[in-house]
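Residue numbers (numbering that gives the first Met the number 0), protein chains in the order written: chain A, 0 to 250; chain B, 0 to 250.
The set of hints was computed from the structure by calculation and includes no laboratory data.
No false leads were slipped in.
Copies of the same chain look alike in the list, so a pair counts if it works inside one copy or between any two.
Cut-off 25 Å, straight-line C-alpha distance, at most; resulting in silico cross-link-like pairs (SDA-like, lysine to any residue):
| # | residue 1 | residue 2 |
| --- | --- | --- |
| 1 | Lys210 | Thr223 |
| 2 | Lys190 | Gly91 |
| 3 | Lys90 | Glu19 |
| 4 | Lys210 | Thr77 |
| 5 | Lys90 | Ser25 |
Source: prediction; values computed, not measured.
Number of protein chains: 2
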Amino acid sequence: MADILKFDEQRNSAPDEKFELLHKHSLFAAMPDDMYPRFTSAAKTLTLKKGAQLFLQDDPAEWFYFIVSGWIKLFRETVDGDEAVLDVLTKGHIFGESAIFDGGVHVAGAAVAENAILLSFPTSLLKGAITKNHDVALGMLASISRTRRQQSQDIEKLSLQNTSQRIACFLLRMCRANDAQNVSLSLPYDKSLIAARLSMKSETFSRALNKLQRETSISIKGSTVIIPDTNELAVFTCSHCSQEFPCGDLH
Amino acid sequence: MADILKFDEQRNSAPDEKFELLHKHSLFAAMPDDMYPRFTSAAKTLTLKKGAQLFLQDDPAEWFYFIVSGWIKLFRETVDGDEAVLDVLTKGHIFGESAIFDGGVHVAGAAVAENAILLSFPTSLLKGAITKNHDVALGMLASISRTRRQQSQDIEKLSLQNTSQRIACFLLRMCRANDAQNVSLSLPYDKSLIAARLSMKSETFSRALNKLQRETSISIKGSTVIIPDTNELAVFTCSHCSQEFPCGDLH
Chain A
0 MADILKFDEQ
10 RNSAPDEKFE
20 LLHKHSLFAA
30 MPDDMYPRFT
40 SAAKTLTLKK
50 GAQLFLQDDP
60 AEWFYFIVSG
70 WIKLFRETVD
80 GDEAVLDVLT
90 KGHIFGESAI
100 FDGGVHVAGA
110 AVAENAILLS
120 FPTSLLKGAI
130 TKNHDVALGM
140 LASISRTRRQ
150 QSQDIEKLSL
160 QNTSQRIACF
170 LLRMCRANDA
180 QNVSLSLPYD
190 KSLIAARLSM
200 KSETFSRALN
210 KLQRETSISI
220 KGSTVIIPDT
230 NELAVFTCSH
240 CSQEFPCGDL
250 H
Chain B
0 MADILKFDEQ
10 RNSAPDEKFE
20 LLHKHSLFAA
30 MPDDMYPRFT
40 SAAKTLTLKK
50 GAQLFLQDDP
60 AEWFYFIVSG
70 WIKLFRETVD
80 GDEAVLDVLT
90 KGHIFGESAI
100 FDGGVHVAGA
110 AVAENAILLS
120 FPTSLLKGAI
130 TKNHDVALGM
140 LASISRTRRQ
150 QSQDIEKLSL
160 QNTSQRIACF
170 LLRMCRANDA
180 QNVSLSLPYD
190 KSLIAARLSM
200 KSETFSRALN
210 KLQRETSISI
220 KGSTVIIPDT
230 NELAVFTCSH
240 CSQEFPCGDL
250 H
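Can you build the whole structure from these sequences, using the hints too?
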């Protein structure tokens, strides 16, 4: 854990913005009043820099994590060392928690994609809470179901959308529901990681991005994206999807 | 429901093989003794022929299903009418149940891939059981977690395996853990559906299958597959996967 820059030993601290965010998550929101403080008092705050590795696939799961800020990638590595990025998560999400149902080991590794602040909690505490408390089990069901829904979407897109359409979809999903003309966005993390998140090699991503810029009026310079017309992007990609912009699961 | 060949109104029938299979499923196995009979007495037996459609994506979920025999495909359809096959399930699996956590609508359609016998149950009964009973909620968590794990594997394979490797993986996963030499298999359903399950167009599947037969010693005639050496297939595909044959999740 050499990558941890700061280790906050101040447990039981005064009301804190990070705990307000935590309380909104379906898992923690489901906890009874006497259980929630057991989690916040056991929480450790980790301030991690880009590249830090939290755990690998098949590691025993001692901790699970809540993201206060930054980006975390979840990945699986082949025997040959290639990496499949299953998800890239940001603030308000938890990860590593589902190992409880996977024989106590992580089914994917986790690493910091952009400098992050996390809260970590003992997995044993969560296992006990789910086993003992019905509302927590229901909160966990809501949380796992969200992941499952998103994975179904990912499989659909990998099956039916070409690489340019997948990039267009990624950009559209960053827009707000009422965005229409001249939308300016900042890419949330490195292009190489966006490529991996969309299951493309970097070279494929570059070619697909060039094609998208030729065939639509969007432009990308560095990490800034200009979308003159969201409807044009929607025409480009949404007919190859079972949803249409604005996506029902986001808005 | 014109495709239903037989509708079994014999509820509360004598101990029945299909109910023995049902009782082994983690969701039903978790039910207390006084709850399980409420499900079996509400169950309807459906005998369906290939092609029958059970529900479409976004349909309100009134029923969920347990597969006694046959194959069921779960799919999503794009605005343009293309179909992504998310899964193809056989006996011992449930489907349609997770709509409870998806706003009461199905997030994928379901159709019969090979003649099937199903048990159908009212979704309202399951919703009540999960809300009231903690063990049922835990059984549901085990069930959804299995799906999530498998979807993670699918995304990994779609990200990193080429089409021939994905076919080799599909065949290896049909083998038993101790299969080594001269294994003979029957394809479980149509090649066109195997192609769709592996997220390939039929033409791509044919080319990939030819390549696999050129580069390994396997042979496929009709629906019969001969694998002279499982290790040869494992060398071909497993280095491009985070698991190795025999896959830990199957054996």
